Amino acid sequence: MARGFRLSSELIAGVVVGAGIGWGFDRLLSTSPFGLIVFFLLGFAAGVINVMRSAGVAPDRTGR
Amino acid sequence: MIDPIEQFNIEKLFTIGHIGHHEIAFTNSSAYMFGSVALISLLMIGGVSGRRLVPGRLQSVAEISYEFVATMVRSSAGKEGMKFFPLVFSIFMLLAVSNIVGIIPYAFTISSHIIVTVALALLVFITVLIYGFYKNGLKFFKLFVPAGVPIAILPIVVPIEVISFLSRPISHSVRLFANMLAGHITLKVFASFVTMLGALGFVGWFGAVLPLGLTVALTALELLVAFLQAYVFAILTCIYINDAIHPGH
Numbered sequence: 001m002a003r004g005f006r007l008s009s010e011l012i013a014g015v016v017v018g019a020g021i022g023w024g025f026d027r028l029l030s031t032s033p034f035g036l037i038v039f040f041l042l043g044f045a046a047g048v049i050n051v052m053r054s055a056g057v058a059p060d061r062t063g064r
Numbered sequence: 065m066i067d068p069i070e071q072f073n074i075e076k077l078f079t080i081g082h083i084g085h086h087e088i089a090f091t092n093s094s095a096y097m098f099g100s101v102a103l104i105s106l107l108m109i110g111g112v113s114g115r116r117l118v119p120g121r122l123q124s125v126a127e128i129s130y131e132f133v134a135t136m137v138r139s140s141a142g143k144e145g146m147k148f149f150p151l152v153f154s155i156f157m158l159l160a161v162s163n164i165v166g167i168i169p170y171a172f173t174i175s176s177h178i179i180v181t182v183a184l185a186l187l188v189f190i191t192v193l194i195y196g197f198y199k200n201g202l203k204f205f206k207l208f209v210p211a212g213v214p215i216a217i218l219p220i221v222v223p224i225e226v227i228s229f230l231s232r233p234i235s236h237s238v239r240l241f242a243n244m245l246a247g248h249i250t251l252k253v254f255a256s257f258v259t260m261l262g263a264l265g266f267v268g269w270f271g272a273v274l275p276l277g278l279t280v281a282l283t284a285l286e287l288l289v290a291f292l293q294a295y296v297f298a299i300l301t302c303i304y305i306n307d308a309i310h311p312g313h
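As given, the protein sequences belong to chains Z and W, one line each in that order.
Under my numbering, the residue at position 5 of the first sequence is numbered 5, and the numbers go up by one with no gaps.
In my numbering, each number is its position in the second sequence, counted from 1, plus 64.
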């Protein structure tokens with residue numbers, strides 16, 4: 001259960017932060033909805049990278 | 065029917081004062097925080113006051129907990145990371161003691177509230193940011209540029225790395241909070257099965273044996289989770305501090 005929480009919280013955190021940045025970007029620059037779309041996808045990618053790093057599949061930082 | 069969420073209620077014990085129109089109250093959560101700190105102080109001060117060469121029981125516990133955290137900091141943040149030993153040790157001891165206190169029936173678990181874990185995670189995050197910029201200056205941004213990546217895909221990789229960095233305090237705090245919350249709710253639900261089946265009469269007593277056994281097993285598991293989550297929180301703190309000391313590695 002601990003491992004499941006660890007990985008799911010990593011993924012959710014990435015997506016939430018990405019969506020948050022996108023939403024704020026749209027609010028500030030009134031580019032709705034493109035900022036949200038772009039940053040949501042980037043956030044998803046970041047979440048997947050977080051999961052892979054914390055699961056030990058990908059190296060911690062590239063080049064380490 | 066027993067409410068499994070009731071154990072997380074915040075109750076006001078007394079009011080300290082007001083800031084503007086906002087009441088600053090001393091709650092049961094604050095009481096348990098002070099209680100945990102008092103327990104830790106008792107353990108550490110009482111443990112080392114004897115200063116015997118052959119440690120007694122309390123001194124052994126104090127020394128083991130020091131060695132445990134010191135090894136953790138050295139192995140994941142290096143020798144320079146020992147500057148942050150007080151921070152990591154305080155966080156680890158607070159979480160470990162308060163989580164273990166929280167398993168005692170009727171006790172309150174402070175880390176089952178996300179505001180507590182977020183405050184701790186943000187403390188670590190801001191420490192990493194300030195120390196990272198203080199120590200490395202603008203080289204700290206190398207953290208977002210992985211070595212050996214072609215320039216063509218940098219515009220995609222850098223935002224992903226930035227988001228991955230910003231998402232750290234969220235995953236850092238949600239992990240601890242969710243584990244404690246879910247564990248305590250599960251425990252309460254299984255324990256309430258015992259009383260509900262027991263109320264059915266003689267047949268129910270036999271049925272209640274199974275959830276009772278599970279409750280005992282889950283309590284043991286929760287003891288492990290309480291310690292493990294404190295450890296995970298502390299080791300992630302070390303890893304993040306390591307990034308502040310050596311970015312671009």
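Read the hints as simulated data drawn from the structure, not as lab findings.
Any given hint could turn out to be false.
Label-pair ranges, simulated between beta-carbon atoms [to be verified]: (1) Gly212/W - Gly56/Z: 11 to 21 Å; (2) Leu264/W - Gly56/Z: 43 to 53 Å; (3) Val267/W - Pro33/Z: 21 to 31 Å.
Only part of the chain W face toward chain Z is listed, based on derived beta-carbon distances under 7 Å [what the hints assert, rightly or not]: (4) Leu230; (5) Thr283; (6) Leu287.
These numbers come from a predicted model, not from an experiment.
All residues carry an ideal CB built from backbone N, CA and C; glycine is no exception.
Discussion item. Please list, smallest to largest, the hint numbers that this structure does not respect.
Written reply: 3, 5, 6
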